[in-house]
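Undergrad: Protein chains in written order, with the working numbering: chain F, 1 to 416; chain S, 1 to 99.
One should not assume that every hint holds.
[Unchecked claim] 30 Å max Cα-Cα, derived DSSO-like pairs, lysine-lysine:
id, chain 1, residue 1, chain 2, residue 2
1, S, Lys25, F, Lys208
2, F, Lys223, S, Lys9
3, F, Lys312, F, Lys410
[Said to hold, decoys possible] Which residues of chain F face chain S? A few of them, derived with a C-beta cut under 10 Å, are:
id, residue
4, Thr104
5, Leu105
6, Leu167
7, Ala207
8, Lys210
9, Leu218
10, Leu235
11, Tyr236
12, Tyr238
13, Phe240
14, Arg244
15, Ala249
By construction, these hints were calculated from the structure, which means they are not laboratory data. Keep in mind it's a predicted model, so treat the numbers as computed, not measured. Yeah, the Cβ is synthetic: ideal placement off N, Cα and C, and Gly gets one too.
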Amino acid sequence: MLKEEVVGQEERLLNGDEAAAWAAYHVEPDVVAAYPITPQTIIVERFSEFVADGLVRTEFVSVESEHSAMSACVGAAAAGGRAFTATAANGLQLMNEILYIASTLRLPIVMAIANRAVSGPINIHCDHTDAMNVRDAGWVMLFCEDAQEVYDTIIQAFKIAENPNVLLPVMVSFDGFLISHTAQKVKVFKDPSVVREKFLGGPRKPAKIKLMGHEVELSLNPKNPIPVTFGPLDLYDYYFEHKRQQSLAMQNAYEVVKEVHEEYARLSGRRYGDGVTVPYRLEDAEIAVVAMGSAPGTMRYVIDEMRDEGIKIGLLRIRLFRPFPYRDIIEKLRNVKVVGVFDRAQDQGMMGGPLFLETRAALYELESRPKVVNYVFGLGGRDAPPEMFREAFDELVGINKGTIKPFIRKYIGVRE
Amino acid sequence: MSEKKPGWKEIPIAGVPFISSLEYKTGDWRVFKPVIDDDKCIKCLLCNIYCPDMAIHVKWDDTGNKALGVYVNYDYCKGCGICADICPVKAITMVKEER
Chain F
1 MLKEEVVGQE ERLLNGDEAA AWAAYHVEPD VVAAYPITPQ TIIVERFSEF VADGLVRTEF
61 VSVESEHSAM SACVGAAAAG GRAFTATAAN GLQLMNEILY IASTLRLPIV MAIANRAVSG
121 PINIHCDHTD AMNVRDAGWV MLFCEDAQEV YDTIIQAFKI AENPNVLLPV MVSFDGFLIS
181 HTAQKVKVFK DPSVVREKFL GGPRKPAKIK LMGHEVELSL NPKNPIPVTF GPLDLYDYYF
241 EHKRQQSLAM QNAYEVVKEV HEEYARLSGR RYGDGVTVPY RLEDAEIAVV AMGSAPGTMR
301 YVIDEMRDEG IKIGLLRIRL FRPFPYRDII EKLRNVKVVG VFDRAQDQGM MGGPLFLETR
361 AALYELESRP KVVNYVFGLG GRDAPPEMFR EAFDELVGIN KGTIKPFIRK YIGVRE
Chain S
1 MSEKKPGWKE IPIAGVPFIS SLEYKTGDWR VFKPVIDDDK CIKCLLCNIY CPDMAIHVKW
61 DDTGNKALGV YVNYDYCKGC GICADICPVK AITMVKEER
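Using the sequences and the hints given, assemble the complete structure.
TA: This is the structure we're talking about:
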């Protein structure tokens, strides 16, 4: 057992965006390239102040679009640097093309997402549709519950991304406005070198690969004995092999997320479950709810209320969405009878939201499976109060008792 | 032509090229191969000029002034068929590859 050595921290009043900016400040990436978009703007606004104040030596690139922001990050990371950006909603959709390129070129870029509904109709408030749209772009995806977790997770994200067995970009999501613009007490390290030197081990060291009998740095370093080319044509004779490699990297990311989370916890004293899922009062639960983002905070309040009434209900918050931790879901929900999966994302299919479909698919592995139903809620920032969840949870109790017929998907919080 | 290519565990990640383009034989992209009928060929060398992959070579006599004929480097010919199209005497036919 490694010893826990919590280092000096101070409390600051930060909203989620500022917490992300503070994480970037403490990491001090080589390049930050970003384009403003609500509700992410504060992240790069604050960060540009850190640059202007001389607190970081980061090259700050003000670009003309999100497509360019991600392209600049690709260039910076290919050159061997640490790159960071942030976006939301339509900005993320405009980046889409380059997201795939970043992951395929195995560039450990870190990006913060203040989750926002995708136009149209145009809306600046929270839902997860933006991140869900890019869920198969080859990025590791983590979802945070509060501003503290945003700070912690962005720092962890660099270490996950740069792990030689992973080398994939990492997206850190948190709910737009609900987290991005809500101030709370956030503990940050007093000394940024704890993050830069102690945790990340100094400047990024690109991976070494074998190329034509030489050991070279996987970067555009001109000191390489032979030059490395990024992004040439890759047709049917090699493309599939490179995709297979990416799939292995994504599988490797699962363990690395846990390891890095634990290593960080020993420095900070903070843990979020095992870094992958965060269970709450699930031990003897007959009913489980599954959700991501900030809603689990409200859900825990409702669960406590119902537990006081003797109802055996618990929560499984999914922190890691890509790679999808299906084994944990099977293990943690093995003994429950009813599962309610809460998607804060629009599904345009016939069946249900993305979190629901994958959770339900995971549970199919079980011999005796629980009933799994889907609730779509909170689209476009629609309020998600405790009473709404209570009503849904009571319905799950009814399904468990057999008084309510199970269904596939329901919308809650929408006017009929 | 169809030598065994390395598996996904053997090649470097990130899609970076690991052999020089000289060793990357693009000839196996081909569906149809150009076959030159030397009897019909008038040695005009249009095929040599038009070939986008420089895969049609000229055989010169000892003086280097007179073309004796043309031949195809099948390691790099992608089978685009431009040579057959441009040939003024239809001395090049595109034949389906058999693999």
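Undergrad: Is Lys223 of chain F within 30 Å of Lys9 of chain S, Cα to Cα?
TA: The hint holds at about 26 Å.
Undergrad: Should the interface hint for Leu167 of chain F be scored as holding, given a Cβ-Cβ cut-off of 10 Å against chain S?
TA: Since the shortest Cβ distance to chain S is 7 Å, the answer is holds.
Undergrad: Once the shortest beta carbon distance from Leu235 of chain F to chain S is found, is it less than 10 Å?
TA: Where the cut-off is 10 Å and the nearest Cβ of chain S is about 7 Å from Leu235 of chain F, the hint holds.
Undergrad: Measure nothing beyond the straight line between the CA atoms of Lys25 of chain S and Lys208 of chain F; if it is 30 Å or shorter, mark the hint as holding.
TA: 27 Å, holds
Undergrad: The hint names Arg244 of chain F as touching chain S; please verify it with the least Cβ-Cβ distance against 10 Å.
TA: 4 Å, holds
Undergrad: Given the hint that Lys312 of chain F pairs with Lys410 of chain F, does the C-alpha gap stay at or below 30 Å?
TA: Measuring from Cα to Cα gives roughly 22 Å; hence the hint holds.
Undergrad: Hint validation: Tyr238 of chain F versus chain S, beta carbon distance must be below 10 Å. Holds or violated?
TA: 7 Å, holds
Undergrad: Let's test the interface hint: is any C-beta of chain S closer than 10 Å to that of Tyr236 of chain F?
TA: 9 Å, holds
Undergrad: So, as I understand it, the hint says Leu218 of chain F touches chain S; can you test that by seeing if any CB pair is closer than 10 Å?
TA: 6 Å, holds
Undergrad: Taking 10 Å as the limit, does the beta-carbon of Ala207 of chain F come near enough to a beta-carbon in chain S?
TA: 8 Å, holds
Undergrad: How about Ala249 of chain F: closest beta carbon in chain S under 10 Å, or not?
TA: Nearest chain S Cβ about 8 Å off; hint holds.
Undergrad: Min Cβ distance, Thr104 of chain F to chain S: is it shorter than 10 Å?
TA: It holds, given that the least Cβ distance between Thr104 of chain F and chain S is near 6 Å, below 10 Å.
Comparing the model with each earlier hint shows no violations; every hint is respected.
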